[in-house]
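Let the hints inform the model, and build the full structure from the sequences given.
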Amino acid sequence: MSSVAVEIVDIHKSFGKTRALRGASLLARMGEIHAIVGENGSGKSTLAKIASGIILPDSGTVSVFGATPRTPVAAIAAGVVTIYQEMMLAEELSVWENLFAGSDPTWRRQRSNTQKRAETHEVLSRLAACPIDPDARVADLTLSVKQWVVIARALVQKPRVLIFDESSAALDLEATSRLHEEMRALRDGGTAVLIVTHRIAEPSVPIRVRHLTG
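Residues in the sequence shown are numbered from 75 upward in steps of one, following our numbering.
Don't read these hints as lab results, they were simulated from the structure.
Hints may contain errors.
Stated by the list, open to error - Under the rule of at most 27 Å between Cα atoms (straight-line distance), these lysine-lysine pairs were calculated in the BS3-like manner:
1) K190 x K220
2) K232 x K190
3) K220 x K232
What the hints assert, rightly or not - Okay, the calculated beta carbon distance ranges per label pair:
4) L247 x R282: 21 to 27 Å
5) A210 x G115: 34 to 40 Å
6) S77 x S199: 40 to 46 Å
7) A175 x L247: 27 to 33 Å
8) V83 x L167: 39 to 45 Å
9) L217 x R103: 33 to 39 Å
10) A148 x R183: 18 to 24 Å
11) T135 x S77: 14 to 20 Å
12) V283 x L167: 34 to 40 Å
13) E160 x R282: 25 to 31 Å
14) H272 x D209: 35 to 41 Å
Nothing here was measured: the structure is a model prediction, and the numbers come from that model.
All C-beta atoms, glycine included, are put in the ideal place defined by N, C-alpha and C.
Printed below as a string of structure tokens:
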């Protein structure tokens, strides 16, 4: 079986007269971490949205484990989970309800609420430096804790491809270090991790860097 997780070949994308991507390509294998780096307007988030099935390229090909995701639902079915900079949390719901909201309905129904609370506690205990009550209302959380909730929501789905789209800006250095530890564990488990960012800090985990210049 091929170890290729994501293969993007010669992608072009324009929005009106604005060219977002011109011939972008990327090959990510299982168990690799890639950073897609570029300034604002370089097309890096556009590339992430194409890999996530949110927008379609004008030309070029995208393959995720041999499938071509043309919708977000198809991308999720292929194992792609994306963490966006915009948190998109339901503020009035609890932490555990947010973690499982929007996930695959069949997968969600297989777990009781007790199991969902337990999974929420387990993943957030790994990520956050302080205890987070699964029943806490998201509106009452700090910005940094909300960021952990967003990240945990992606992790409970057991992604085969995890895309961070400028999504760790609210984390301090210590929290970023814990996130890198989680990335290392994902890599060791065979997940392909794509980090979309305008700058790459000194990494504590080996990564492959792809620069986009627009």
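Could you work out which earlier hints the structure fails to respect and list their numbers in ascending sequence? Violated hint (a single one): 6; every other hint is consistent with the structure.
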